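Participant: Now for the letters of each chain:
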Amino acid sequence: MARRNTYKEDEVLETPFEVRHLLRAFVYIKKYLGKMIFALVLSAIGGIMGLFGPMITQHALDDAIPNKNVELLLWLAGALIFTFVVGVIFTTIRSRIMINVSQNIIFDIRKDIFEHLQKLPFQYYDDRPHGKILIRVVNYVNSVSDMLSNGLINVILESLNLIFIVIFMLCVDVKLSLVVLAGVPILAAFMLWLKKKQRRAWQQVSNKNSNLNAYLQENIVGARITQIFVREDENSETFGTLSDRCRKTWLEAVMYSNLMWPGIDNISVWVRAAVFIVGLIFMGTGNVSLGVVVAINSYSARFWQPIMNLGNIFNNFINNIAYLERIFETLDEPVTVDDAEDAIKMPDIKGEVTFENVTFSYDESKTVLKNLSFTVKPGESVALVGPTGAGKSTIVNLISRFYNVNSGRVLIDGQDISKVTLNSLRSQMGIMLQDSFIFSGTIEDNIRYGKLDATEEEIIRASKTVCAHDFINRFQDGYQTEVKERGSLLSQGQKQLISFARTLLSNPAILVLDEATSSIDVQTERALQQGLNAMLEGRTSFIIAHRLSTIKNCDKIMYIDDGGIAECGTHEELLAKKGHYYHLYTAQMEDIA
Amino acid sequence: MNKPKSKIAWLWENMRGYRIIYFFSIIGTIAYNAMQLVVPYITAKIVDTFLTGKNAAENINTQRDLFYQLIIAMVVLTFVRTLIVYLVCFDVEHVSQKVLYRIRTYLFDKIERQDMKFYSTYRTGDLMTRLTGDLDAIRHMIAWVIRSIVESVALFVATAIYFIYMDWRLALSVLAIAPFIFIIIILFKNKVAPRHKALREKLSLLNTAAQENISGNRVVKAFAREEYEIAKFNECNTEYSQTNRKTAMTWLTYYPYIETFANLMPIVLLVVGGLFIINGQLTMGEYVAFTGLIWAIQNPMRQLGNIMNEFQRFSAASDKVMEIYYSEPEIVDHPDAIDLTERIKGKVEFKNVSFQYADGKLPVLHDISFVANPGETIAIMGETGCGKTSLIQLIPRFYEPTEGEVLVDDINVKDMKLHQLRKNIGLATQDVLLYSDTIDGNIAFGDPHIKQEEVVKFARYSAASDFIAKMPEGYDTIVGERGVGLSGGQKQRISLARALAVKPAILILDDTTSAVDMETEKQIQHSLNELDFPCTKIIIAQRISTTKFADKILVIQDGRITESGTHDELVAKKGYYYNLVQLQTGEEA
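As you go down the protein sequences, you meet chains V and Y in turn. Going by numbering that gives the first Met the number 0, the first sequence opens with residue 0, and the numbers climb by one from there. Going by numbering that gives the first Met the number 0, the second sequence opens with residue 0, and the numbers climb by one from there.
The hints are simulated quantities; they were obtained by calculation from the structure and are not laboratory data. Being a predicted model, the structure only gives us computed values, none of them experimental. Worth double-checking, as some hints may not be accurate.
Stated by the list, open to error - Chain V regions said to be covered by chain Y (calculated; three or more residues, Cβ under 8 Å):
1. 210-219
2. 290-296
3. 383-396
4. 518-524
To be verified - As a list, the in silico DSSO-like pairs of lysine-lysine whose alpha-carbon atoms are at most 27 Å apart:
5. Y:231 to V:483
6. V:551 to Y:573
7. V:463 to V:551
8. Y:456 to Y:521
9. Y:201 to V:483
10. Y:201 to V:207
11. Y:97 to V:7
Don't be surprised by glycine CBs; every beta carbon is placed ideally from N, CA and C.
Taking the hints into account, I'd like the entire structure generated from these sequences.
Facilitator: Okay, structure coming up:
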């Protein structure tokens, strides 16, 4: 596994070639192909209508005005208005279609990336700053839409335009046309050189912006820590450095991007100069007529306009591919914990949990669990104790299949959990994690998260069970109190009680409490325990706690040390054994007494 | 700071130092637009003189020098023109990036120094939108919008004057269309301004929704709520997308009229000009001069709509940015704050302190009074939500008491400089927040220049050195954001080491060892007693084992101190504390 990423490091990306990305983007375009073709046709017709303008004007100048024919002049003006209006209508319709198409494409990509993120395992979120994930979902997706919709149509239009001009030109005179086309290899060489530089530069821009976003998010969340450690100056400086890097990479990127247009412009002028010189020299020898030189000169001018437009689109592509490849990278992120192909729905859980020779490590360097085996009978309550970092949380995380085991099996009611759908498994489990995350919204919303269709009574009952009802009621808005994202409103203990209520509400068959009550005071916990005991009746439960008073009534206590079970038994049995647990317990009692 | 009258004035203020070079780019813009008119003139001259003119065949032989001169002039002028364009582009990019940098770092600094009230008002995703998407609209203003305005206005005015000079009647008949376009653009502005406001609101909501989902990914998975989250996000995604559509469609509602009026200009020119020619009031040559430049009137008119659209985007975004730019925290240094030059001694005193959160409806603390003398250990106990955490947050002045005084070394904390006060306090919060950085970097957070040995020492004090040493990369192990990858107890110990590493005169531990096992806690307790620097300790704890040796124990119930004294005194009192001891010694089993 790669090292965890931070704001200090750029994300690695190995993508040699970008055409692949464009082809892949076609998946998103395909759905709207019909509309896009329609828009293309409208544009083409609009373009053709535009050609009538100069013809009509010419007619007015050559015919109506010299002949003082006012009526004809007005008729021609009317005709001009007609062509313009038709052109405007077509353009408007095309734009309407394309706005919808491009918005749909953004919507689809964003939806896909978000849905994929929901499937990604803990590991993905643990390995990189969240700001770097966020920027992909929001900012990058916004950037690529125009390229995929209008960009594509314009490429086709401009290319068609270009092909027609080249054909016309070749029809007039092959030799002089070749002079014009001689500019193309020069241009190609120039663009190839530019592309390489540009691509690197835009990748850097996306990297640096990603770093900035990561740092920004972390610092907004951690503002209080910054303040207590009086780190404002240092952090501002770091942020300044990151901002400055964004600035520099951006400038470098536009330095290359902005070369495109002047480059094409200059090459086009060289070509026109060459046409004049070569044309006139040929004319001296009588090979070329005057009209041909005039015609080729005017085609040469028109030849470069679409090329310039294509150059701009190309610039845009190069720029946005830096974002597109990041989006695809996220979409390609393997879902390591996923439903097996023939996964079945987990039947109603009775609650027997078995570990069969389970070995597990977060990364290759350190094995956390070694060949662990145990069985818990339905309805049993199991306490996991042991030093921090021994692997207690890991064990309970494996029961919900938050991670895949390296070898061995985890079975519930005899069913290998890697063979059932994640949703059917996890929706029957109640897991209370160490980190009691509270969403912004009302207290009620937060509790309801455990059971979306819960009635008010159910919510209140769950809150009463965990002793949260009283303090919630003490807020003026009660259950409707808005909990702000980093609000000072709730104490850590209160947050734990709310997430406890949330877990209970989901009415799980297996309950996992991972340091669920660490921030709750002893008396509240005591009261909570009484309500809880009733709840635990008949449910298998796993409890991790350091406060031994919390766990000594459990049916089974497992002392976990160094990735294995060192001791297992009831409170009394383990005390009698005079081993690790005894040691732990007496130490705790001594301290208090 | 005085708030400038307008957004433009604010932007101008932030462009200081770059105004002159920005001015150059404006001059450059005008220059290359002028040159754009010259090159076609040269090509026309070549064609006239050597190809289609009367004596073309002769000229090619007799005036070959002129021919080459013109060709060279064409190539060189183009080069110079494109060079100017390039430099102008680079110049505006440079200035816009500098200003972006300036505003962004200023905002970051501003956000960092805000008080808690600010943080409970603004959500992370919203603040991030202001520092990314909104700032981009401001960058775009400098890099593109202003330059386009100058370009359009210059082109329009210059051409209009030229037209009037040539033939004022014909000129006015063409220019008469311009007011209609202006009216349409004003109408468009009124419609699109609220759309842009709505759009950036929706973007902010989208950002917030995604941000919260990513932060809460563990809970989402634990409850298998992926589908619910997707539905929630889809709602934001749809709304954002719809608002985007509406904004673009607003433009498309007005675009046809602007385009039609702009296209009417050459037609009016043709009809009126034609009539003038027919009546002998205008020569063909003058007419051709008009048509040759009509684009210079038309294009600025077309561009105006675009400019207005971008300007409204800037306007909506700058409202949001300026709100933060000019927000002032309420908790700041007093102008005559005392300048502490020495390390404080560590006396902490609460005098009749009552406190209520600004957004809360009920008081949290009532009439709290106590003294912690330098070097003493004060333990605070009480039920969940009784006000313990609120109390300690008054010491580093995260909040201010509604009544009473908090004194440190007999000085009201209000009269101290915030950074000097906080430098003397080491706080390990309940909600452990580590940074995605190395363990070493996290411990050295409060003092980045601390030596490696010291980091190790403080890790040892907080009983973290053992598990750190067991990690493959030791102190260089990177912990994920918010310390993921570490167990709760491990996080708490790193956070404790971080607080100790600043060698504070006042150490505040807010239930810092709740997830630590008993034995480790004992070790920590031991080292806390043997710190090699003088330190007053204020410790919130649930366990009697932690509080037992404190010089004073405060029991808080419903925001009031109900019991205070040493362990023995309180046990003798047979009150709340006594019950707690009974409970924890587990005699009830």
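Participant: Give a verdict on every hint.
Facilitator: Hint by hint, here is what the structure shows:
Counting residues of the segment 210-219 of chain V whose CB lies closer than 8 Å to any CB of chain Y gives 7, which reaches the minimum of 3, so the coverage claim holds. Coverage of a stretch by a chain is defined here by at least three residues with a beta carbon nearer than 8 Å to that chain's beta carbons; for the segment 290-296 of chain V and chain Y the count is 3, and the condition holds. Closer than 8 Å: that is the beta-carbon criterion, and the segment 383-396 of chain V has 7 residues meeting it against chain Y, so the requirement of 3 holds. By the rule of at least three residues with a Cβ nearer than 8 Å to a Cβ of chain Y, the coverage given for the segment 518-524 of chain V holds, with 6 such residues.
A C-alpha spacing of about 18 Å is found between residue 231 of chain Y and residue 483 of chain V, which places the hinted pair at or below 27 Å, so the restraint holds. Annotation: proposed proximity of residue 551 of chain V to residue 573 of chain Y holds, straight-line Cα distance about 26 Å (limit 27 Å). For the hint linking residue 463 of chain V to residue 551 of chain V, the alpha-carbon distance of about 24 Å falls within 27 Å, and the restraint holds. Between residue 456 of chain Y and residue 521 of chain Y, the direct Cα distance comes to roughly 17 Å. Compliance with the 27 Å bound is thereby established for this hinted pair.
Of the supplied pair hints, the one linking residue 201 of chain Y and residue 483 of chain V holds, its CA atoms being roughly 19 Å apart against a limit of 27 Å. With a CA separation close to 25 Å, the supplied pair residue 201 of chain Y and residue 207 of chain V stays within the 27 Å bound. Simply put, residue 97 of chain Y and residue 7 of chain V have alpha-carbon atoms about 22 Å apart, close enough for the 27 Å limit, and the pair holds.
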